[in-house]
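**Q** Spelled out, the chains give:
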Amino acid sequence: MPSPLMAALKDVGDGIRLAPLWWRLGLDQTASRFQRSILGPFWMACNLLVVAFALAFLVSAMMGVNLMGTFPQVVAGLLAWSLVGTTIADAQAIFLYNAGLMQSQRLPLTFYVFLHAQKAATNFLFQLIAFWAVLLVIGRFAVPHWTLIPAVALMLFVVCFQGFIIAIPSTRFRDVAYMMSYVVQLLFYVTPVFWMTANVSAKHRWVVEMNPLAHQVELLRAALTGHAPAAIDWWWTLGTAGVLAIIAFALLAMFRKRVVFWL
Amino acid sequence: MTHRIKLTNVDLDYFVYSLRSQSLRSAVFNLAVGGKMYKAAGDVAAVKALSDINLEIVEGDRIALVGHNGSGKTTLLKVIAGIYSPTRGELEIDGDITSMIALNAGIDMEATGLRNIHKLGLMRRLSRKVIDSRVDAIAEFSGLGDFLHLPVRTYSAGMLARLMFSVATEFEADILVLDEWLSAGDAAFVQKAAQRMHRMVEDAKIMVMATHDHDLVCRVCNRVCELQAGRIVFLGPTEEWLAYREAQVA
Numbered sequence: 001m002p003s004p005l006m007a008a009l010k011d012v013g014d015g016i017r018l019a020p021l022w023w024r025l026g027l028d029q030t031a032s033r034f035q036r037s038i039l040g041p042f043w044m045a046c047n048l049l050v051v052a053f054a055l056a057f058l059v060s061a062m063m064g065v066n067l068m069g070t071f072p073q074v075v076a077g078l079l080a081w082s083l084v085g086t087t088i089a090d091a092q093a094i095f096l097y098n099a100g101l102m103q104s105q106r107l108p109l110t111f112y113v114f115l116h117a118q119k120a121a122t123n124f125l126f127q128l129i130a131f132w133a134v135l136l137v138i139g140r141f142a143v144p145h146w147t148l149i150p151a152v153a154l155m156l157f158v159v160c161f162q163g164f165i166i167a168i169p170s171t172r173f174r175d176v177a178y179m180m181s182y183v184v185q186l187l188f189y190v191t192p193v194f195w196m197t198a199n200v201s202a203k204h205r206w207v208v209e210m211n212p213l214a215h216q217v218e219l220l221r222a223a224l225t226g227h228a229p230a231a232i233d234w235w236w237t238l239g240t241a242g243v244l245a246i247i248a249f250a251l252l253a254m255f256r257k258r259v260v261f262w263l
Numbered sequence: 001m002t003h004r005i006k007l008t009n010v011d012l013d014y015f016v017y018s019l020r021s022q023s024l025r026s027a028v029f030n031l032a033v034g035g036k037m038y039k040a041a042g043d044v045a046a047v048k049a050l051s052d053i054n055l056e057i058v059e060g061d062r063i064a065l066v067g068h069n070g071s072g073k074t075t076l077l078k079v080i081a082g083i084y085s086p087t088r089g090e091l092e093i094d095g096d097i098t099s100m101i102a103l104n105a106g107i108d109m110e111a112t113g114l115r116n117i118h119k120l121g122l123m124r125r126l127s128r129k130v131i132d133s134r135v136d137a138i139a140e141f142s143g144l145g146d147f148l149h150l151p152v153r154t155y156s157a158g159m160l161a162r163l164m165f166s167v168a169t170e171f172e173a174d175i176l177v178l179d180e181w182l183s184a185g186d187a188a189f190v191q192k193a194a195q196r197m198h199r200m201v202e203d204a205k206i207m208v209m210a211t212h213d214h215d216l217v218c219r220v221c222n223r224v225c226e227l228q229a230g231r232i233v234f235l236g237p238t239e240e241w242l243a244y245r246e247a248q249v250a
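Protein chains in written order, with this note's numbering: chain D, 1 to 263; chain S, 1 to 250.
Please keep in mind that the hints were generated in silico from the structure rather than gathered at the bench. The reader is advised that the hints may include incorrect statements.
Unchecked claim - Coverage of chain D stretches by chain S, computed from C-beta distances (three or more under 8 angstroms per stretch; other residues unrestricted): (1) 20-26; (2) 29-42; (3) 215-226.
What the hints assert, rightly or not - With a straight-line cut-off of 30 angstroms between C-alpha atoms, the simulated DSS-like cross-links for lysine-lysine are: (4) D:10 / D:257; (5) S:129 / D:257; (6) S:48 / S:6; (7) D:257 / S:6; (8) S:6 / D:10; (9) S:129 / S:192; (10) D:10 / S:192.
Think of the CB as a built atom: it goes at the ideal place given N, C-alpha and C, for glycine as much as any other residue.
Sequences and hints are given; from them, build the entire structure.
**A** Encoded structure:
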């Protein structure tokens, strides 16, 4: 095997071996983000609470429509989006955020990507608590389907792979870094988070069917609301993970030595 | 296990990306015009930061890297610390490296000194128990007293240097890599630090230090490596280096 590929494999291995370190550092970085605040990490849950509140009370009162029917679906969709979409926007900063560390300590590149996934998982967990709290309050609590665990695990793999694919060009070309938040905004509107696939006309249904993010959202949403996810969502997400893994590995092999000079 | 660092014919090209080259527009534009125009304007400058470095450092060595600003000291430290991979050549390292290259690396400016001790220990992959058992010793050596309960952003550069050095040298390190920074500490602390470095060397560890302080070199280091424009111009024991310096001046 050519040496860049071996070196990339070693990078992955070293990153996995450093699990205790990125686990603790991830918690530490999350905690320090909310230093000097009283609510602390529970601020992460607020995004979900605010939108849930706006939907449940403001919109339904002002528009006179009862959104209670789809309410749990929408909130579950938002929760899923925090793992599916928000992580795309955050990925641009994977190396830039840790520039100081990268320039002063030898750590594999995968370390920073795992750190990013760890923070995404922590964020998801806090929002999940808020999600259950909201559902309990409105009396629509549903026991999640057991497949939630493998679904979140699979999504975390996707988060790692796409993290590489976004972070490497974002570090080299800063425009990409700025662009990502707008790209994610666009993706948000073409993904069934606020709206349901069932309401899309058959003619435009392909937009959803061909959107890997839609399948990822549906996968998590089904499990969150107590249903078994559809097989097609599993296949799409597994396929996406496979393709992303290959691209991510190729990028790692090609640019592993260069990234530190781009900071 | 014996600790050792060996660099064989190491070259390092430092790529400097200009403001223009960091934007996607110029990359796209390069595609459009066949990559000539902007490259001619020098969008990626390759600086040869190190060339043909051959250096072997063995157990018990306290080696000083000296040279003018921009001679490649910090770059060489970063290569040894594994932060930069050599463009060409071989680098062999046996032993765990602790590097203190940027003074505030891994420091959370908002957190207290005590919390930062824990964090730096964490980055060294030490268990909570080990860190807890050494916090008092670190606090005492740093001489920071009650300041340890204040956020680090309130510290002066010298206080920060005290904190960093105390943590870095409290836990056993196979190889200690230090950049020019000790000058931030006051005379009393530098004296204390020098004693501690002697002790570390007695434990048969390696220390590599970049510095401009010739007194410090004489007090602490047994070998000197002088760099000029990315090349080694002198490598040998400290006494010989002093003679070499005199010959240069004369």
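**Q** State for each hint whether it applies.
**A** Structure-based check of all given hints:
Counting residues of the stretch 20-26 of chain D whose CB falls under 8 angstroms from any CB of chain S gives 4; the rule of at least 3 is met. Look at the stretch 29-42 of chain D against chain S: 3 of its residues bring a Cβ nearer than 8 angstroms to a Cβ of that chain, three or more, so the hint holds. As drawn, the stretch 215-226 of chain D meets chain S at 0 residues by the rule of a beta-carbon pair under 8 angstroms; below three, the given contact is violated. Of the pairs offered as hints, the one joining residue 10 of chain D and residue 257 of chain D holds, with about 13 angstroms between alpha carbons and a cut-off of 30 angstroms not exceeded.
Of the pairs offered as hints, the one joining residue 129 of chain S and residue 257 of chain D is violated, with about 35 angstroms between alpha carbons and a cut-off of 30 angstroms exceeded. At roughly 20 angstroms between alpha-carbon atoms, residue 48 of chain S and residue 6 of chain S fall within 30 angstroms of each other, so this suggested pair holds. This hinted pair checks out: residue 257 of chain D and residue 6 of chain S have alpha carbons roughly 20 angstroms apart, not beyond 30 angstroms. Note on residue 6 of chain S and residue 10 of chain D: the hinted pairing holds, with a Cα-Cα distance of about 21 angstroms set against a maximum of 30 angstroms.
Of the supplied pair hints, the one linking residue 129 of chain S and residue 192 of chain S holds, its CA atoms being roughly 27 angstroms apart against a limit of 30 angstroms. For the suggested pair residue 10 of chain D and residue 192 of chain S, the alpha carbons sit about 40 angstroms apart, so the restraint of at most 30 angstroms is broken.
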